[in-house]
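Since chain U is already given, all that's left is putting chains G, S and W on it; use the hints.
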Amino acid sequence: MRNEELIPRVGVVTQIRQETPDVKTFRVVGTDGKKLFEHIPGQCAMLSVPGVGEAMISITSSPTVEEYMEFSIKKVGVLTSWLHAMEPGQEILIRGPYGNGFPVDTTFKGRDLLFIAGGIGLAPLHSVINYVRAKRDNYGHIDVVYGSRSKEDLVDLAEMQNEWMNEKDMNVYLTIDREEQGWDGHVGFVPNYVQELNFPTSETAIICGPPVMIHFTLQGLQKLGFTNSQVFTTMEMRMKCGIGKCGRCNIGDKYVCKDGPVFSFDELGELPDEY
Amino acid sequence: MQDELIKRACELLDDGTVNRVLGWSTGDFFYDITPTVFGSAEDVKKNFVYNDFCGANLSKYLIAESQKEGKIAVFLKPCDTYSFNQLMTEHRLKRENIYAIGIPCDGKVSAETLHDAGIHGILGVKRDGDDLVCDTVYGSRRMSFDAAQDERCRSCKSRRHVVYDELLGEEGEVLDSHRFDEVEKLEAMTPEERFNFWQGELSRCIRCNACRNVCPACNCELCVFDNPKSGVFSKAASNDFEDANFHIIRAFHVAGRCTDCGECSRVCPEHIPLHLLNRKFIKDIDTLYGDYQAGEKEGQMSPLSAFTEDKDAEPSIVQKGGIR
Amino acid sequence: MITRISADRLPDLLRQISELEKLYIPVDKSEKISVFEEYAPGKVMSTKLNTLRSAKDFFFPQVQPMAKFRMEGKKIEVIDSRTEAQDYCIFGVRACDVRSFDILDRVFLADPVDTYYENRRKHATIISFACSEPSETCFCHSFGIDAAKPAGDARMWMANDIIYLEGISEKGKALLEKLDLAALDAVTDEKAERDVEAEERRVHEIQQKMPLYRLTPADNREKELAIFHSPIWKELSDKCLGCGSCTFVCPTCQCFDIEDFDGGHGVERYRCWDSCMYKDFTMMAAGTPRKTQLERFRQRFMHKLVYYPIRNDGMYSCVGCGRCLRRCPIHMNIVKVMKAMEEDAQCETKN
Amino acid sequence: MQMTSDNETWEPKIIAFCCNWCSYSGADLAGTNRLNYPANVKIIRVPCSCRINPMFILRAFQRGADGVIICGCHPGDCHYMTGNYHTRRRMTLLFSMLDYLGIEKERTRVEWVSAAEGQRFVDVMDDFVGQITKLGRCRRLEDLRCRTN
Numbered sequence: 001m002r003n004e005e006l007i008p009r010v011g012v013v014t015q016i017r018q019e020t021p022d023v024k025t026f027r028v029v030g031t032d033g034k035k036l037f038e039h040i041p042g043q044c045a046m047l048s049v050p051g052v053g054e055a056m057i058s059i060t061s062s063p064t065v066e067e068y069m070e071f072s073i074k075k076v077g078v079l080t081s082w083l084h085a086m087e088p089g090q091e092i093l094i095r096g097p098y099g100n101g102f103p104v105d106t107t108f109k110g111r112d113l114l115f116i117a118g119g120i121g122l123a124p125l126h127s128v129i130n131y132v133r134a135k136r137d138n139y140g141h142i143d144v145v146y147g148s149r150s151k152e153d154l155v156d157l158a159e160m161q162n163e164w165m166n167e168k169d170m171n172v173y174l175t176i177d178r179e180e181q182g183w184d185g186h187v188g189f190v191p192n193y194v195q196e197l198n199f200p201t202s203e204t205a206i207i208c209g210p211p212v213m214i215h216f217t218l219q220g221l222q223k224l225g226f227t228n229s230q231v232f233t234t235m236e237m238r239m240k241c242g243i244g245k246c247g248r249c250n251i252g253d254k255y256v257c258k259d260g261p262v263f264s265f266d267e268l269g270e271l272p273d274e275y
Numbered sequence: 001m002q003d004e005l006i007k008r009a010c011e012l013l014d015d016g017t018v019n020r021v022l023g024w025s026t027g028d029f030f031y032d033i034t035p036t037v038f039g040s041a042e043d044v045k046k047n048f049v050y051n052d053f054c055g056a057n058l059s060k061y062l063i064a065e066s067q068k069e070g071k072i073a074v075f076l077k078p079c080d081t082y083s084f085n086q087l088m089t090e091h092r093l094k095r096e097n098i099y100a101i102g103i104p105c106d107g108k109v110s111a112e113t114l115h116d117a118g119i120h121g122i123l124g125v126k127r128d129g130d131d132l133v134c135d136t137v138y139g140s141r142r143m144s145f146d147a148a149q150d151e152r153c154r155s156c157k158s159r160r161h162v163v164y165d166e167l168l169g170e171e172g173e174v175l176d177s178h179r180f181d182e183v184e185k186l187e188a189m190t191p192e193e194r195f196n197f198w199q200g201e202l203s204r205c206i207r208c209n210a211c212r213n214v215c216p217a218c219n220c221e222l223c224v225f226d227n228p229k230s231g232v233f234s235k236a237a238s239n240d241f242e243d244a245n246f247h248i249i250r251a252f253h254v255a256g257r258c259t260d261c262g263e264c265s266r267v268c269p270e271h272i273p274l275h276l277l278n279r280k281f282i283k284d285i286d287t288l289y290g291d292y293q294a295g296e297k298e299g300q301m302s303p304l305s306a307f308t309e310d311k312d313a314e315p316s317i318v319q320k321g322g323i324r
Numbered sequence: 001m002i003t004r005i006s007a008d009r010l011p012d013l014l015r016q017i018s019e020l021e022k023l024y025i026p027v028d029k030s031e032k033i034s035v036f037e038e039y040a041p042g043k044v045m046s047t048k049l050n051t052l053r054s055a056k057d058f059f060f061p062q063v064q065p066m067a068k069f070r071m072e073g074k075k076i077e078v079i080d081s082r083t084e085a086q087d088y089c090i091f092g093v094r095a096c097d098v099r100s101f102d103i104l105d106r107v108f109l110a111d112p113v114d115t116y117y118e119n120r121r122k123h124a125t126i127i128s129f130a131c132s133e134p135s136e137t138c139f140c141h142s143f144g145i146d147a148a149k150p151a152g153d154a155r156m157w158m159a160n161d162i163i164y165l166e167g168i169s170e171k172g173k174a175l176l177e178k179l180d181l182a183a184l185d186a187v188t189d190e191k192a193e194r195d196v197e198a199e200e201r202r203v204h205e206i207q208q209k210m211p212l213y214r215l216t217p218a219d220n221r222e223k224e225l226a227i228f229h230s231p232i233w234k235e236l237s238d239k240c241l242g243c244g245s246c247t248f249v250c251p252t253c254q255c256f257d258i259e260d261f262d263g264g265h266g267v268e269r270y271r272c273w274d275s276c277m278y279k280d281f282t283m284m285a286a287g288t289p290r291k292t293q294l295e296r297f298r299q300r301f302m303h304k305l306v307y308y309p310i311r312n313d314g315m316y317s318c319v320g321c322g323r324c325l326r327r328c329p330i331h332m333n334i335v336k337v338m339k340a341m342e343e344d345a346q347c348e349t350k351n
Numbered sequence: 001m002q003m004t005s006d007n008e009t010w011e012p013k014i015i016a017f018c019c020n021w022c023s024y025s026g027a028d029l030a031g032t033n034r035l036n037y038p039a040n041v042k043i044i045r046v047p048c049s050c051r052i053n054p055m056f057i058l059r060a061f062q063r064g065a066d067g068v069i070i071c072g073c074h075p076g077d078c079h080y081m082t083g084n085y086h087t088r089r090r091m092t093l094l095f096s097m098l099d100y101l102g103i104e105k106e107r108t109r110v111e112w113v114s115a116a117e118g119q120r121f122v123d124v125m126d127d128f129v130g131q132i133t134k135l136g137r138c139r140r141l142e143d144l145r146c147r148t149n
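Residue numbers (this note's numbering), protein chains in the order written: chain U, 1 to 275; chain G, 1 to 324; chain S, 1 to 351; chain W, 1 to 149.
What the hints contain is simulated information worked out from the structure, not anything from laboratory work.
Where is the CB? At the ideal position from N, CA and C, for every residue including glycine.
Be a bit skeptical, because a hint or two may be false.
Derived CB-CB ranges, DEER-like [what the hints assert, rightly or not]: (1) W/Asp123 - G/Ser177: 41 to 51 Å; (2) G/Leu222 - S/Val78: 32 to 42 Å; (3) W/Thr82 - S/Pro112: 55 to 65 Å; (4) S/Glu37 - U/Gln18: 49 to 59 Å; (5) G/Glu221 - W/Thr9: 45 to 55 Å; (6) U/Val76 - W/Ala39: 41 to 51 Å; (7) W/Thr9 - G/Leu222: 39 to 49 Å; (8) S/Gly73 - U/Gly185: 21 to 31 Å.
Simulated crosslink set (EDC-like; lysine to aspartate or glutamate; CA at most 16 Å straight-line) [claimed, not checked]: (9) S/Lys279 - G/Asp226; (10) S/Lys122 - S/Asp105; (11) W/Lys42 - W/Asp28; (12) G/Lys229 - S/Asp260; (13) U/Lys135 - U/Asp177; (14) S/Lys223 - S/Asp105; (15) S/Lys68 - S/Asp80; (16) S/Lys291 - U/Glu274; (17) G/Lys71 - G/Glu166; (18) G/Lys46 - G/Glu11; (19) S/Lys32 - G/Asp116; (20) G/Lys320 - W/Glu106; (21) S/Lys75 - U/Asp32; (22) S/Lys149 - S/Asp195; (23) S/Lys279 - G/Glu221; (24) S/Lys291 - G/Glu221; (25) W/Lys42 - W/Glu11; (26) S/Lys75 - U/Glu87; (27) S/Lys149 - S/Glu133; (28) S/Lys209 - G/Asp28; (29) S/Lys74 - U/Glu274; (30) S/Lys223 - U/Glu270.
If you want the footprint, here are the derived chain U segments under chain S, 3+ residues with CB under 8 Å [said to hold, decoys possible]: (31) 87 to 94; (32) 182 to 190; (33) 230 to 240; (34) 250 to 256.
Next up, chain U with everything else stripped away, as it sits in the complex:
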């Protein structure tokens, strides 16, 4: 019997970082200490713990990292709570990669890129941003707009401040929802901030965050003159199999786990809006 998609492999969690009060980043390698599989930025993996549950989690680390994979996970449900409570050295089950990933080597190539993320929505974009940074010459200017509820809810803040902000031809704009002490940056919601910053329509935009944020950010971009075909997002649906068979992530004729999770708003416009 050949090995296949639905049987998970064992991964070891080697490092756990507390990013924000409810987000931790988990570093995972195979039992042999090597990276479990290669992926495209934006792809996901099914993480599970026997008897607890299984969930589709986007891979946060860039494919260019050769030693391990990382997952930034917010504590929201049964499985994620369990993951948050575990200690390094714990083995978990992992299968993947699933999904189409971002068109980093086709549509995005040579383009100026605008990344817009809210809250834990940074996780799937993190992988693309670092991939683009690693292959810096293949892409044009990079803008990142990232917002969260408060300063302590900003995921990967240190990395952004220490690395991204120093990257050549790359601007990072941070914002938080409400004023707070010790924050001298921008205050306001992401969609408004994007409008204010008035990005040129020559950029290709990639949005990820809560549905409300995506909705209003898209409207803002449209006002700035962006067309739906140059705005991409990555979708979220309940998933079980990851290979387009179990039926629950079905939207129109597409399966989010297999044909997505990355869609341009052009493609989404052709689908029923049930997501």
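Showing chains G, S and W alone in chain U's frame:
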């Protein structure tokens, strides 16, 4: 009968007593009965149906419908009125929004029974004395009405309406139903025989939840079998244990509240005689705690919510020869 | 090449096949209950139109164990206990159920292949059974299925106390060749062909008298969004009880769930049938995109009649077996939905 | 099939649900008095005998119990006034139903044991274990997925 019902429904809609009527309509076949809410007299005249196949109990639809704006008229067969009362007892209906019309019933038929008897290609059915005459593409076929009836109708417990605002037709009587005969037959078997019987029946269960969703007594907002945290939710792998567990617990949860309307057995796509579980509880309750018919009166205290301090049987009665 | 055998030799035919490989036939357990069971001498083949469960159960069983896990401290051991299936034969599958295998194949055998399904599928030889007495609930012809000439690896007709057998695929022909048909006094001749033609004509004539004969599904691939937003769904779904009967009796419904069972000595991961009619089907920590029965009901029928055809060159995910027509507790079935869609489309064009 | 044990070493597995106020204290008393009761009995403490959901009993059988016994305060003595009156009605019906489904009625039992009845607790358990040993292993509701091997 159908014409009388349509006439009355139209009157009620026209004079503004109600703004909707809950009844039945069909699709391509005369037996394709779907409970339907009619919003206008025109709609009623065009689509309302009442025939020998209108078995569906409308009471459960009232849980949602009675919460809506305006009054709704509903046609209730005698057994449906018991469910209605039980739902009232459980405070699930908004009575002031309901105009209940009792209608007579002399037993309902499922097309499934005709199909199972090998009658195919049915185009129409007529009553001819004690027989049903089926017009099929393979010629005319006869079946006795008694044999074609659902089991629950053959052993009908009551043709009396226990609640209504208005009664169409004549009132019936509570019947001596012999509905516990089959339960007694099972009780007379050895444990091994009973186990094998139920194993055979329950192992067919596909866990579709039709029995639960159609049951007027199963009206919880969130069923224990839908709660992922209960560890028993609807999709627990179907094996011998889980199937038995589901049906025992479901029967137990409706024990003392089940009016024996028989919808569970009617809708089971695998033809599992689920009424035999409910009737066992009803029979035991009758024997131990006195005759009790759920839904007979509004506001009755369920025997499983009540107790007596010194007269109740000890559980050891089961070991000492069982409840007979 | 069609072979004819006297119908009273059917038990011998079945015995011969069962000596070659595991054989499953539909059996009547009672007047109401017919199921596929492993053949044993003495078992009589059912001639009912539909088994209670569809034949999808063979490849996509209600419950399928997937793997076992043992946890010890921080370690997890994965135990893949699958074995390669043995060849087996399913005898007496009706035309509608045979088509359902094609529909399931396009899901489970599409890249990446579902090996659980593939393992059961590729070892099966399907001998189909032509319908001689279709019922009014049958509408397989609406989807281009010929009830009188089913597909499969081999097919069988039964008419006037004679069985007619024909191999179709290589696998089916090979199986028939291995049988000792001479011992059954089988005759392969022109008369058999003529008889079968006459039988097919007879059945086609009967079908024309059925009320659903004129039912034809519309090609709605271009109208996806219009139908999705149509007002018909509210009225249709209002009546739906939200049980999963239709999905579980349906030969083409293929949604499943993956769950873990902790037996106390290790965890078993299994997959089981699931239904898009259930509210927890798409439930996530943040809520569900299909909030009411309307969305769930719409999803099921849109998938069968619109989404699946878009993905699969116009092939519908319904075979007209009529199980949902017979089993839905409130008879809210796919025919009513198809008709409502059609009426709605006519209203659209008028306006 | 039901009546024979597979091997010589088989010992019955008994689950006893004991109410916190009477029967559990009764078991405690048996312990402090150094009275022996069979080790086959695994006690699960519950706040009141009426806390016992029928599913608890089925789950016990699923996971390989051969008998289930429920111990509560004597009727009239319930810490919560009426709990055991409800237990009495519910369990009577449930046991009758289990019997109806072919789970031998001897495998389930309710006993009233007060906090002062240490000896009675021991006698009840001795008797129940003896009864189950005679009946043999219970396979009828056992879930194969819960077997050790």
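Hints versus structure:
Distance hint check for W/Asp123 and G/Ser177: the Cβ-Cβ separation is about 46 Å, which falls inside the suggested range of 41 to 51 Å. In this structure the supplied range 32 to 42 Å holds for G/Leu222 paired with S/Val78, their Cβ-Cβ distance being about 34 Å. The supplied range of 55 to 65 Å is met by W/Thr82 and S/Pro112, whose beta-carbon atoms lie about 60 Å from each other. Checked against the given bound of 49 to 59 Å, the beta carbons of S/Glu37 and U/Gln18, roughly 58 Å apart, stay inside it.
The hinted window of 45 to 55 Å between G/Glu221 and W/Thr9 holds, with their beta carbons roughly 49 Å apart. For the hinted restraint 41 to 51 Å between U/Val76 and W/Ala39, the CB-CB distance of approximately 44 Å keeps it satisfied. The hint said 39 to 49 Å for the Cβ distance between W/Thr9 and G/Leu222, and at roughly 45 Å that hint holds. Evaluation of the 21 to 31 Å hint for S/Gly73 and U/Gly185 yields a failure: the beta carbon distance comes to about 45 Å.
Taken as a hint, the S/Lys279 and G/Asp226 pair is honoured in the structure, with Cα atoms around 9 Å apart against an allowance of 16 Å. For the suggested pair S/Lys122 and S/Asp105, the alpha carbons sit about 11 Å apart, so the restraint of at most 16 Å is met. Among the hinted pairs, W/Lys42 with W/Asp28 is consistent with the structure: their alpha-carbon atoms are about 13 Å apart, no more than 16 Å. Between G/Lys229 and S/Asp260 the alpha-carbon distance is near 13 Å, which keeps this suggested pair within the 16 Å criterion.
For the given pair, U/Lys135 sits about 33 Å from U/Asp177 by alpha-carbon distance, which is inconsistent with the 16 Å threshold. Note on S/Lys223 and S/Asp105: the hinted pairing is violated, with a Cα-Cα distance of about 26 Å set against a maximum of 16 Å. Taken as a hint, the S/Lys68 and S/Asp80 pair is honoured in the structure, with Cα atoms around 7 Å apart against an allowance of 16 Å. For the hint linking S/Lys291 to U/Glu274, the alpha-carbon distance of about 10 Å falls within 16 Å, and the restraint holds.
For the proposed pair G/Lys71 and G/Glu166, the alpha carbon gap of about 15 Å is at most 16 Å, so the pair holds. For the proposed pair G/Lys46 and G/Glu11, the alpha carbon gap of about 15 Å is at most 16 Å, so the pair holds. This hinted pair checks out: S/Lys32 and G/Asp116 have alpha carbons roughly 5 Å apart, not beyond 16 Å. Using a Cα cut-off of 16 Å, the hinted pair G/Lys320 and W/Glu106 holds, with the two alpha carbons roughly 9 Å apart.
Pair hint S/Lys75 plus U/Asp32 holds up; C-alpha atoms about 13 Å apart against a cutoff of 16 Å. Taking the CA atoms of S/Lys149 and S/Asp195, the gap is near 13 Å; set against the 16 Å cutoff, the hint holds. A distance of roughly 12 Å separates the Cα atoms of S/Lys279 and G/Glu221; the hinted pair therefore holds under the 16 Å criterion. A distance of roughly 15 Å separates the Cα atoms of S/Lys291 and G/Glu221; the hinted pair therefore holds under the 16 Å criterion.
Restraint check: the Cα-Cα separation between W/Lys42 and W/Glu11 comes to about 13 Å, which is no more than 16 Å; the hinted pair holds. For the proposed pair S/Lys75 and U/Glu87, the alpha carbon gap of about 12 Å is at most 16 Å, so the pair holds. A threshold of 16 Å between alpha carbons decides the hint, and for S/Lys149 with S/Glu133 the separation of about 13 Å falls inside it, so the pair holds. At most 16 Å may separate the alpha-carbon atoms for a hinted pair to count; S/Lys209 and G/Asp28 meet this at roughly 14 Å.
With a C-alpha separation of about 40 Å, the suggested pairing of S/Lys74 with U/Glu274 is violated against the 16 Å cut-off. For the proposed pair S/Lys223 and U/Glu270, the alpha carbon gap of about 11 Å is at most 16 Å, so the pair holds. Under a criterion of three residues with beta carbons nearer than 8 Å to beta carbons of chain S, the stated coverage of the stretch 87 to 94 of chain U is upheld, 6 such residues being counted. Judged by the Cβ-Cβ criterion of 8 Å, the stretch 182 to 190 of chain U is not covered by chain S as claimed, because only 0 of its residues qualify and three are needed.
With a cut-off of 8 Å between beta carbons, the stretch 230 to 240 of chain U has 4 residues touching chain S; three or more are needed, and the interface restraint holds. By the rule of at least three residues with a Cβ nearer than 8 Å to a Cβ of chain S, the coverage given for the stretch 250 to 256 of chain U holds, with 3 such residues.
Of the numbered hints given earlier, the model fails hints 8, 13, 14, 29 and 32; all others are met.
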